[in-house]
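*Asks:* The residues making up each chain are set out below.
Number of protein chains: 2
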Amino acid sequence: MLCKDTVRGNILEAAKKRFLHYGYAKTTMAEIASDCSMSPGNLYRYFPGKLDIAEAICTEAGEYAVARLREVMRRPSRTARERLRDFLFADMKLTYDQLEYDKQVFEMARVVASERPQFANRILALNRALLSEILAAGNASSEFFIEDVVFTAEMLQSATMKFRYPQLHSKLPYEKLERELDGVVNLLLNGLDDGGAGKEQLARQAQQGSPSDDLITI
Amino acid sequence: MLCKDTVRGNILEAAKKRFLHYGYAKTTMAEIASDCSMSPGNLYRYFPGKLDIAEAICTEAGEYAVARLREVMRRPSRTARERLRDFLFADMKLTYDQLEYDKQVFEMARVVASERPQFANRILALNRALLSEILAAGNASSEFFIEDVVFTAEMLQSATMKFRYPQLHSKLPYEKLERELDGVVNLLLNGLDDGGAGKEQLARQAQQGSPSDDLITI
DNA sequence: CGCCTGAATGATTTATTGAAGATTCACTGG
DNA sequence: CCAGTGAATCTTCAATAAATCATTCAGGCG
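Quick mapping for you: the protein sequence lines, in order, are chains R and S.
Each residue of the first sequence is one higher than the last, beginning at 1 in my numbering.
Each residue of the second sequence is one higher than the last, beginning at 1 in my numbering.
The hints are simulated quantities; they were obtained by calculation from the structure and are not laboratory data.
Among the hints, a few may not be true.
When chains are identical, the list treats them as one kind, so a pair holds in a single copy or across two.
[To be verified] Here are the simulated lysine-lysine pairs, DSS-like style, with alpha carbons at most 27 Å apart: (1) 171 with 50; (2) 17 with 103; (3) 17 with 4; (4) 103 with 171; (5) 103 with 26.
Given only the sequences and the hints, what does the whole structure look like? Please build it.
*Replies:* Below is the structure:
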């Protein structure tokens with residue numbers, strides 16, 4: 001006997017294949033149902049609607065990304081500063097690669113994000129929790145002296161907004177984004193007093209790049 | 001005899017009235033021409049097209065904003081840090097008020113920004129020049145020790161992207177944006193070492209706010 | 001009953017077309 | 001010539017019709 005969750009899983013599986021291959025808009029509920037050898041009506045016993053199937057798929061992907069970021073955070077013998085830097089770069093790369101090279105993933109993410117605003121916020125909250133962990137660890141090792149770790153994590157997200165879902169905000173190529181994230185991270189780590197160059201001079205080659213064109217997309 | 005620039009000015013004047021009152025889309029070239037007592041065809045002897053008229057109007061507005069920001073920068077007896085903070089807040093408020101309360105201005109800005117990507121970049125460059133001035137003054141007074149002032153200005157713009165044209169990126173209400181800009185500015189001024197609280201404890205009341213919902217718009 | 005079907009419904013998307021308007025240009029009066 | 005005209009063109013937009021598809025639900029089967 002098939003339990004409800006197994007069926008749900010099958011539906012998600014089938015829908016994912018279709019969404020990734022043909023795109024969200026070009027996939028019909030009838031097709032998904034047919035792939036699962038059931039009637040379209042029956043899908044609604046497992047999901048409230050098409051959008052919810054897409055959201056479930058995106059949630060899975062979000063959880064996968066969190067898992068990857070946790071790995072990055074676990075790298076041994078790094079300072080909290082390095083860990084924070086690694087984290088922000090890994091985060092940018094994950095979404096960039098995902099959204100840049102797969103039109104269909106992009107479409108699905110776009111639809112879910114715009115129809116279900118809370119979805120993006122849940123992902124951001126997960127992400128913020130990880131950031132908070134890094135900051136708390138930095139406090140513990142006396143690298144940082146941060147009073148309100150959660151608030152500071154939120155501000156870090158704010159300042160790195162541009163790098164979070166790059167395609168939604170700018171049309172910069174990846175290396176430009178990398179250069180800017182590097183510069184911003186240095187400012188965030190060290191403040192303006194040392195000019196954002198970073199105590200470790202990591203920014204040297206990044207600063208060679210020329211100012212970005214096309215900062216804004218609409 | 002009417003010189004070419006006078007005619008251009010009249011056209012801009014008439015177009016501005018129409019664009020602000022009826023909106024860009026609802027204004028026809030024939031109407032603008034008629035307001036100037038000329039034929040539609042003749043407009044093209046002064047502007048390459050309708051969009052260029054709108055762009056010229058937006059450029060004027062941008063220069064006006066720069067002038068206002070210069071005033072803010074000139075406030076007497078303030079530290080470079082305070083000046084920077086004032087500047088970023090004033091900048092956010094200028095665009096927010098402009099775009100929030102006038103649907104027609106918003107429409108025009110939207111069209112110009114999306115059809116003429118370089119336009120937004122020119123405005124950003126003007127803005128960056130002002131930021132650089134503030135930073136350079138801070139260096140001169142030994143408040144900052146910034147090697148590459150222009151690069152740092154660019155990074156400041158990057159980190160405050162979210163606050164630059166708020167309506168294009170998020171649907172946060174103004175007080176939420178203010179709270180976040182405050183937090184981000186503190187991080188930028190001081191780095192993580194003091195937790196982004198800011199040496200002057202200016203952030204106290206801002207930190208009372210709850211985390212933002214709806215970070216992202218598409 | 002409980003699980004599922006598939007036709008009926010109504011919303012949404014796409015295709016088509018007619019009108020409106022941006023742009024061009026051959027021409028005119030000064 | 002020069003500044004300007006206004007009808008002709010060609011693009012873009014809006015309205016409507018047609019088709020598609022998400023969703024619902026009255027019923028059938030085990």
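*Asks:* I'd like to know which numbered hints this structure contradicts. Please list them from smallest to largest.
*Replies:* none
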